[in-house]
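Participant: Construct all of the structure, not just a fragment, from the sequences and the given hints.
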Amino acid sequence: MISLSNISKTYNKGQITALKHISFSVDHGELFGLIGPDGAGKTTLFRILTTLLFADEGDATVNGFDVVHDYKQIRNCVGYMPGKFSLYQDLTVEENLNFFATIFGTTIRENYALVKDIYQQIEPFKNRMAGKLSGGMKQKLGLCCALIHKPDVLFLDEPTTGVDVVSRREFWEMLARLKKQGITIVVSTPYMDEANRCDRIALMQKGVVLSIDDPANMIKDFPQKLYAIKASNSFQLLQDVRNYSGVDSCFAFGDALHVTFRDSSDQNMMAYLYTKAYTDVSMEIITPSIEDCFIHLLKD
Amino acid sequence: MRSLFFLLEKESRQLLRNKQLIRVLIIAPIIQLILMPLAANYSVKNISIAVVDHDRSTLSQRFISKITASGYFKLTAYVNTYSEALAVLEKDRADLAIQIPANFEKNLVRENVQKIYIAINAIEGTKANLGGAYLGSIITDFNSEIRAAWPLGGVVEPIPQITIASSNWYNPLMNYNLYIVPAILVTLVTAMGMMQSAFSIVREKESGTIEQINVTPIKKHIFILGKLLPFMVLALVIFTLGLCIAWLLYHVTPVGSLLVLYASLIIYLFAVLGLGLLISTYSATQQQAMSLSFFFINIFNMMSGVFNSVDSMPQWAKNIVETFPPSHFIKIMRMVVLKGSGFSDISYHLVVIVLIGLVFNTWAVLNYRKTV
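Protein chains in written order, with my numbering: chain A, 275 to 574; chain B, 58 to 429.
Read the hints as simulated data drawn from the structure, not as lab findings.
Quick caveat, the model's predicted, so the values are computed rather than measured.
C-beta: ideal position from N, C-alpha, C; glycine also.
Each computed DSSO-like pair below joins lysine-lysine, with the alpha-carbon atoms no more than 30 Å apart:
(1) B:LYS184 <-> B:LYS148
(2) B:LYS262 <-> A:LYS287
(3) A:LYS358 <-> B:LYS67
(4) B:LYS67 <-> A:LYS346
(5) A:LYS412 <-> B:LYS276
Cβ-to-Cβ under 10 Å is the rule here; a few derived chain A residues that face chain B:
(6) GLY353
(7) TYR354
(8) MET355
(9) THR376
(10) ILE377
(11) MET403
(12) ALA420
(13) HIS423
Facilitator: Written out as structure tokens, the structure is:
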């Protein structure tokens, strides 16, 4: 459905590299996640795929159309929701939706079935100016506007950034329902915990794809045992664990430290910590999260 | 075409919803058209003079009252010495100082010759120039008066003279409003049209909505047309309001046909809005667009012959002004309003405006890329 080969992009005449030789493909009907921190190159990638930006090198196709030569066809068959809210704040909810439907040569009624679930949630506010909506409702309206012409591919750039936890969950449920209707979805997010919602994810950092896989596989392929170590004085604990010679990596994760060890030095860790006079220290093996995988990949 | 209709619907809805903007756009030109012609009046009045009368004779009195009776001058100081008069001039309480020498009357009667000294404060150039010229003509007048009154030396020699009789065509009374009001109306419509069209696309850039528009299959010339037409209509409304004010307040009514006037206006707006668009394609923020449009509006207002004649500029400057659409439209306005010119008379200016308009618009469309 979407394929990229060797895409590179630099800004400021080559001074800033946004994307370095990116190649991957997304299958039809897949919910594909681009996961990475700010500055990883997610938005640049979206802009190239939505024909807003030319890549410096490499080729990409969306729905079989080349992003450079067949940009007109692509604009007819993709829906794009930019990271920044980009609907008309001085038009009402209904007017926005109506406007985007008409410039794609369709009507709200024609594709109402597709947006019905989402639109019903914001319909009570249909006469409110889009600028006066809450963050979550803005995102729902944005999604409706991106969907109203029944696109084959949907590009969502950080749709859940700045949205409350409940709305975020709702949003992902909506995406799952859209996926069932056969729409291919590419979504980016800086939140690692959202990765599990995707069929496959690409972990990105500084313009490079670190790994592409099904989130479950990615966790399964985590090469080391991962431990969570907790103690009440977590700051002191971090210093002490990092000073232990057998530690391979150690990061604070909420109230615990996630630690991996070289060879088998995990055996002696508890003994070491008791010598440091911790009384309430605990250590257990845990299943890695996507964030652990990401940090692990960054280290290599 | 259908999408143009939807774009226009959206643009006008957004424009009409912005009540504050509409209010400013309509009311500001009205106020300006009421105020500005008053300030742009060239006939200088109330020139203050200081008089040093060393003679204090009947004749000197008659001379002074002739000056003040002209209506252009008002006597603000009557002093005893020239240095006092200079001091008054320095304090800016007088624009002119006149020194009448002692024995003014006696020498004039006896020797038939007399000299008057005038000092002019040239800080305000126009006032000083005109004041000097008015005074000169009053003195000439005074001269011939005394010549007639006192046949000095017995025989009056007839002085051979060429008198020039002039009549002011198209504006027989030299009514200043007739000349300045149409030009000011042009500057108002120009400023509004150019700035608003410059801001319209930049506003979409700033709010990020252009991103969403760019991924739609909408054609860029349709999008641009959708942006231009509402301001075309608004400019027509403002122009019409301006014509009403010119008629009600200044009694300026076009001698020529309104059809010619409005047809030229539409062609002119095509060029002006095109320049606005061009500015918007080069600006990322409304602030940048504002600064750029201000640059052009200032130059247009000062150089397009609103207040002074383009013909008195050096040739290279004239060549530059030739590329300004407002200078051509101001000429058209004056020709149609004052003379009643028809299409054939203004065809040169119309053709130039069309050419400039084509350049601006083509350039703007080429420079507006949907890929940013």
